[in-house]
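Colleague: Using the sequences provided together with the hints, build the complete structure.
Remember, my numbering sits 169 above the position in the sequence shown when you count from 1.
No lab work stands behind these hints: they were computed from the structure. Note that this is a predicted model, so its numbers are computed, not measured. It cannot be assumed that every hint is accurate.
Just the calculated beta-carbon pair ranges, DEER-fashion [as the list claims (entries may be wrong)]:
(1) I197 to M257: 20 to 26 angstroms
(2) A294 to L255: 26 to 32 angstroms
(3) R295 to L191: 24 to 30 angstroms
(4) T173 to I198: 32 to 38 angstroms
(5) G302 to I198: 48 to 54 angstroms
(6) I288 to A259: 33 to 39 angstroms
(7) D265 to I227: 32 to 38 angstroms
(8) F291 to M260: 28 to 34 angstroms
(9) I198 to S301: 42 to 48 angstroms
Below 20 angstroms or equal to it, Euclidean Cα-Cα: the simulated SDA-like pairs (lysine to any residue) are [what the hints assert, rightly or not]:
(10) K289 to L177
(11) K210 to H237
(12) K234 to A294
(13) K210 to T269
(14) K234 to L224
(15) K210 to I198
(16) K210 to M261
(17) K289 to F176
Glycine is no exception: its CB is placed at the ideal position from the N, C-alpha and C atoms.
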Amino acid sequence: MDDTFSFLGMSVPNLARYFGSLLVIWGIISFALADFDLDAKTALIPTVMGAPMLLLGILSLRDEKNRHHYMHACMVLALIMVFSPLSMFAMMGRPDSDLTLVSLIILMSLGSTFMVAGIKSFRHARILRESSGV
Numbered sequence: 170m171d172d173t174f175s176f177l178g179m180s181v182p183n184l185a186r187y188f189g190s191l192l193v194i195w196g197i198i199s200f201a202l203a204d205f206d207l208d209a210k211t212a213l214i215p216t217v218m219g220a221p222m223l224l225l226g227i228l229s230l231r232d233e234k235n236r237h238h239y240m241h242a243c244m245v246l247a248l249i250m251v252f253s254p255l256s257m258f259a260m261m262g263r264p265d266s267d268l269t270l271v272s273l274i275i276l277m278s279l280g281s282t283f284m285v286a287g288i289k290s291f292r293h294a295r296i297l298r299e300s301s302g303v
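Modeller: This is the structure we're talking about:
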């Protein structure tokens with residue numbers, strides 16, 4: 170079995186950096202589309218979720234010893250990215266704004282994709298650890 174795990178052609182820390190960057194950029198774009206209205210500061214929620222994921226992805230590449238801690242923290246963020254929009258849909262139904270709807274779908278899509286990658290990565294690491302007898 171290959172020692173390195175990749176998902177969508179990237180390592181999971183690189184995926185965290187990529188998804189985090191996408192979320193930060195989308196949050197800024199959605200805030201700009203809301204005319205930088207301070208009443209629309211919730212448009213920055215993707216940025217608020219993406220910035221820590223981006224940072225954790227960078228830290229996990231620089232500090233390999235603690236990579237598993239950083240990736241577990243990213244998994245918690247991804248879980249929040251999936252369940253927060255779901256609970257919002259359950260409580261309030263469809264959002265009034267198409268921009269909000271798109272942001273929620275992006276959060277859920279990237280969060281669920283990252284969770285799948287993380288779970289597969291954790292399983293891969295466990296199989297490697299068990300096969301090496303450690």
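Colleague: Each hint should be assessed against the structure and marked as holding or not.
Modeller: For each hint, the structure was consulted:
| no. | hint | verdict |
| --- | --- | --- |
| 1 | I197 to M257: 20 to 26 angstroms | holds, 21 angstroms |
| 2 | A294 to L255: 26 to 32 angstroms | holds, 28 angstroms |
| 3 | R295 to L191: 24 to 30 angstroms | holds, 29 angstroms |
| 4 | T173 to I198: 32 to 38 angstroms | holds, 33 angstroms |
| 5 | G302 to I198: 48 to 54 angstroms | holds, 49 angstroms |
| 6 | I288 to A259: 33 to 39 angstroms | violated, 24 angstroms |
| 7 | D265 to I227: 32 to 38 angstroms | holds, 36 angstroms |
| 8 | F291 to M260: 28 to 34 angstroms | holds, 31 angstroms |
| 9 | I198 to S301: 42 to 48 angstroms | holds, 45 angstroms |
| 10 | K289 to L177 | holds, 12 angstroms |
| 11 | K210 to H237 | violated, 33 angstroms |
| 12 | K234 to A294 | holds, 14 angstroms |
| 13 | K210 to T269 | holds, 11 angstroms |
| 14 | K234 to L224 | holds, 16 angstroms |
| 15 | K210 to I198 | holds, 12 angstroms |
| 16 | K210 to M261 | holds, 19 angstroms |
| 17 | K289 to F176 | holds, 9 angstroms |
Hints 6, 11 from the list above are not met by this structure, while the remaining hints are.
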